[in-house]
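A.B. asks: For reference, the chains in residue letters:
Protein chains: 2
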Amino acid sequence: MKGIIAKEPGGRDQLVYVDVPDPVVNPGDILIEVHAAAVNRTDILNREGKLGYVKNPVIGIEVAGIVVDANGHGGFSHGDRVMGLVNGGAYAEYVTMPANRAMKIPENLDFNAAAAIPEVFLTAYQTLYWIAKLSKQESVLIHAGGSGVGTAAIQLAKGLSDAFVITTAGADNKLAKCKDLGADVLVNYKEKDFAQEVENATEGSGVSVILDFVGAQYWKQNYQSIAIDGRWVLIGVLGGSTVEKVKLMDLMMKRIQLTGTLLTPRSDQYKAELTREFSDETYELFEKGELKPVIDTIYAIEEVQKAHEMMEKNKNTGKIILKVKS
Amino acid sequence: MKGIIAKEPGGRDQLVYVDVPDPVVNPGDILIEVHAAAVNRTDILNREGKLGYVKNPVIGIEVAGIVVDANGHGGFSHGDRVMGLVNGGAYAEYVTMPANRAMKIPENLDFNAAAAIPEVFLTAYQTLYWIAKLSKQESVLIHAGGSGVGTAAIQLAKGLSDAFVITTAGADNKLAKCKDLGADVLVNYKEKDFAQEVENATEGSGVSVILDFVGAQYWKQNYQSIAIDGRWVLIGVLGGSTVEKVKLMDLMMKRIQLTGTLLTPRSDQYKAELTREFSDETYELFEKGELKPVIDTIYAIEEVQKAHEMMEKNKNTGKIILKVKS
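Same order as they appear, the protein sequences are chains A and B. For the first sequence, the residue numbers in the numbering used here are 16 to 341. For the second sequence, the residue numbers in the numbering used here are 16 to 341.
In short, the hints are calculated from the structure, not lab data. None of these values were measured; they are calculated from a predicted model. Be aware that a few hints might be false.
Chain copies aren't distinguished; within one or between two, either way the pair holds.
Restricting the straight-line Cα-Cα distance to at most 30 Å, the calculated cross-link-like pairs of lysine-lysine (DSSO-like) are [stated by the list, open to error]:
{"id": "1", "residue 1": "K207", "residue 2": "K262"}
{"id": "2", "residue 1": "K330", "residue 2": "K262"}
{"id": "3", "residue 1": "K338", "residue 2": "K262"}
{"id": "4", "residue 1": "K303", "residue 2": "K22"}
{"id": "5", "residue 1": "K148", "residue 2": "K262"}
{"id": "6", "residue 1": "K70", "residue 2": "K235"}
{"id": "7", "residue 1": "K207", "residue 2": "K340"}
{"id": "8", "residue 1": "K119", "residue 2": "K307"}
{"id": "9", "residue 1": "K70", "residue 2": "K17"}
{"id": "10", "residue 1": "K22", "residue 2": "K119"}
{"id": "11", "residue 1": "K205", "residue 2": "K119"}
{"id": "12", "residue 1": "K286", "residue 2": "K262"}
{"id": "13", "residue 1": "K328", "residue 2": "K262"}
{"id": "14", "residue 1": "K65", "residue 2": "K262"}
{"id": "15", "residue 1": "K269", "residue 2": "K65"}
{"id": "16", "residue 1": "K262", "residue 2": "K205"}
{"id": "17", "residue 1": "K207", "residue 2": "K235"}
{"id": "18", "residue 1": "K151", "residue 2": "K286"}
{"id": "19", "residue 1": "K17", "residue 2": "K286"}
{"id": "20", "residue 1": "K338", "residue 2": "K148"}
{"id": "21", "residue 1": "K269", "residue 2": "K338"}
{"id": "22", "residue 1": "K22", "residue 2": "K330"}
{"id": "23", "residue 1": "K303", "residue 2": "K205"}
{"id": "24", "residue 1": "K173", "residue 2": "K340"}
{"id": "25", "residue 1": "K235", "residue 2": "K65"}
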């Protein structure tokens, strides 16, 4: 079969579409004919050899395709359309994945749309529900509303919890997208102090949940914005990791729960349970069109270098998709 | 009736045992004949007028006594022995308390022992179970093991969860007490680096839960000591509140849940639910002697100035009790 490898650890020019060995189907796996793969930041790190050196790795962790070998796993049959996160090898004609992490694709979605779901929606779901325990009609502040996880989080918070969603972004076209997806309050952080906007929008009580991709740069304002008994989830440090002074008494006075999380290093068991629950909770909402994958650009697999360039330059506001099979 | 008031906001010499008005029994309250009250740090702040000025406040928040007016609350009858946290007025012959925060006293315990239970055991229970969600046989690091909350937490973690308990204290006689109460690993923090001891005792994996009364001074070592997916609960800042240079990525890498909490400012509803659950879970263990209130000294109510002096000088390792009725 053919797949995208990095000839040597390095830049985009190292990516080539060449003959590679067929994947080995181990117990626990199913074999998928890949129709679309999505580009993730971890793919760039893998290409650069920053995830530990592997010779000529087949890049990619997110796919949508058709089951061609269910390998005895009762939940799947030859021909089923599935999507999910894989342990590498997604930019290829075939890939294996653990059967307990594969999700059936809602009927109304094509493979490109399906490939845009797993990473951002699973991360947003985990953060909002497994960590922040968002309840019905609570308020939530979602930073980077135009990002992949941001757009997924806005939709889940509205669609599953009828939450009051305040979101920040640095460009009006991104905020317009957030509004389309259901956000209630839109803050351009370049023009306004989001803590003040949160105070106004919540009549001074603050938000129950914060999804924080930004870290140090927003520390003070996030503290001002959170309600008593609020849950503050750290899932990124785009604005720096080091906070110069943290007053622990502040955390006690507001009884804040501050949780750091990463999805990728979690156990297989955790990911399987998360995948199952997410699929159960959201399948129908995707089918009805109440949840929508957000795609920026679809490239042919041969255009992988352009796709990586787009991600490296942060030009996208939705997912970047590689079409593997027409 | 008679009660202890502060003549003026100030020192111990302001405390006098004098005639005061009988308490008013409001709907929701029961009336208790007080047999014993316990001394708490908040009593000193109240005496000093630091909790907001009230003229001649009757001091005290923790009692054990006998119900003399159940005021229609079906759960109680005249003559029941009860204990609990009250909204002031505990150092007196009679006090009212919300019926839904009163707990029946296990039969084997006298009033002095019962008065030593509510504050420290409810705080330890809330911290270990409602916030840190301690599971069976998990590991927990309990700082200030000789303190009131520390001694309660060690017993609850062993008695309810068969947990692996590592505890710190600064004196060998305190550690000996912790050992009596069931602690598995004892660390004199003046002689050893507790983070190293935790590493040795957990074979490098760290503890699942930390009860942190110390704050800034232990920040680095607590971070070293906590396991992946660990829950770290801040309930005091005896070692300073301000931490310099906190790296948020560290919290993400270990997926730490850091929660600040205080019990006193919680809602009446919260305290009522906590009291009920605590009483259900622990009543039998107190009766069997598997949980034991820890008393340092019992004073007569007339010796209240000595009792406050002992607390102010941090001389006690268990509760200080005021005997109101013989």
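A.B. asks: State for each hint whether it applies.
C.D. replies: Hints, one by one, checked against the model:
Taking the closest pair of Cα atoms, K207 and K262 come within 30 Å of each other both inside a single copy (25 Å) and across two copies (27 Å). For the identical chains of this complex, K330 and K262 are inter-copy neighbours only, at 29 Å across copies versus 37 Å inside a copy, given an alpha-carbon limit of 30 Å. Taking the closest pair of Cα atoms, K338 and K262 never come within 30 Å of each other, the shortest separation being 49 Å inside a single copy and 39 Å across copies. Proximity of K303 to K22 under the C-alpha cut-off of 30 Å is found in neither arrangement, the shortest distances being 43 Å within a copy and 70 Å between copies.
With identical chains, the CA atoms of K148 and K262 are at most 30 Å apart both within one copy (25 Å) and between copies (24 Å). In the homo-oligomer, the alpha carbons of K70 and K235 never lie at most 30 Å apart, since the shortest distance is 44 Å inside one protomer and 38 Å across protomers. Proximity of K207 and K340 under a CA criterion of 30 Å is satisfied in neither setting, with 45 Å inside one chain copy and 63 Å between copies. Proximity of K119 and K307 under a CA criterion of 30 Å is satisfied intra-copy only: 16 Å inside one chain copy versus 55 Å between copies.
Within a single copy, K70 and K17 get their C-alpha atoms as close as 16 Å, which meets the 30 Å cut-off; across copies the closest is 84 Å, which misses it. Taking identical chains as interchangeable, the C-alpha atoms of K22 and K119 are never at most 30 Å apart, the minima being 34 Å within one chain and 74 Å between chains. Taking the shortest Cα distances, K205 and K119 never come within 30 Å of each other, neither inside one copy (40 Å) nor across copies (58 Å). In this assembly of identical chains, the alpha carbons of K286 and K262 lie at most 30 Å apart only when taken from different copies (26 Å versus 34 Å within one copy).
Within a single copy, K328 and K262 get their C-alpha atoms only as close as 36 Å, which misses the 30 Å cut-off; across copies the closest is 26 Å, which meets it. Taking the shortest Cα distances, K65 and K262 sit within 30 Å of each other only across copies (21 Å), while inside one copy they are farther apart (35 Å). Proximity of K269 to K65 under the C-alpha cut-off of 30 Å is restricted to the inter-copy arrangement: shortest distance 20 Å between copies versus 39 Å within a copy. In this assembly of identical chains, the alpha carbons of K262 and K205 lie at most 30 Å apart whether taken from the same copy (27 Å) or from different copies (25 Å).
With identical chains, the CA atoms of K207 and K235 are at most 30 Å apart within one copy only, with a shortest distance of 15 Å there and 36 Å across copies. Taking the closest pair of Cα atoms, K151 and K286 come within 30 Å of each other both inside a single copy (24 Å) and across two copies (23 Å). In this assembly of identical chains, K17 and K286 lie within 30 Å of each other by CA distance solely inside one copy; the values are 28 Å within and 63 Å between copies. Taking the shortest Cα distances, K338 and K148 never come within 30 Å of each other, neither inside one copy (36 Å) nor across copies (45 Å).
Taking the shortest Cα distances, K269 and K338 never come within 30 Å of each other, neither inside one copy (48 Å) nor across copies (36 Å). Taking the shortest alpha-carbon separations for K22 and K330, only the intra-copy value of 26 Å comes in at or below 30 Å, while the best inter-copy value is 70 Å. In this assembly of identical chains, K303 and K205 lie within 30 Å of each other by CA distance neither inside one copy nor across copies; the values are 35 Å within and 63 Å between. In this homomeric assembly, K173 and K340 never come within 30 Å of each other (Cα to Cα): the closest approach is 34 Å inside a single copy and 59 Å across copies.
Only between protomers do K235 and K65 lie at most 30 Å apart by alpha-carbon distance; the minimum there is 28 Å, versus 32 Å within a single protomer.
Hint violations for this structure: numbers 3, 4, 6, 7, 10, 11, 20, 21, 23, 24, all remaining hints satisfied.
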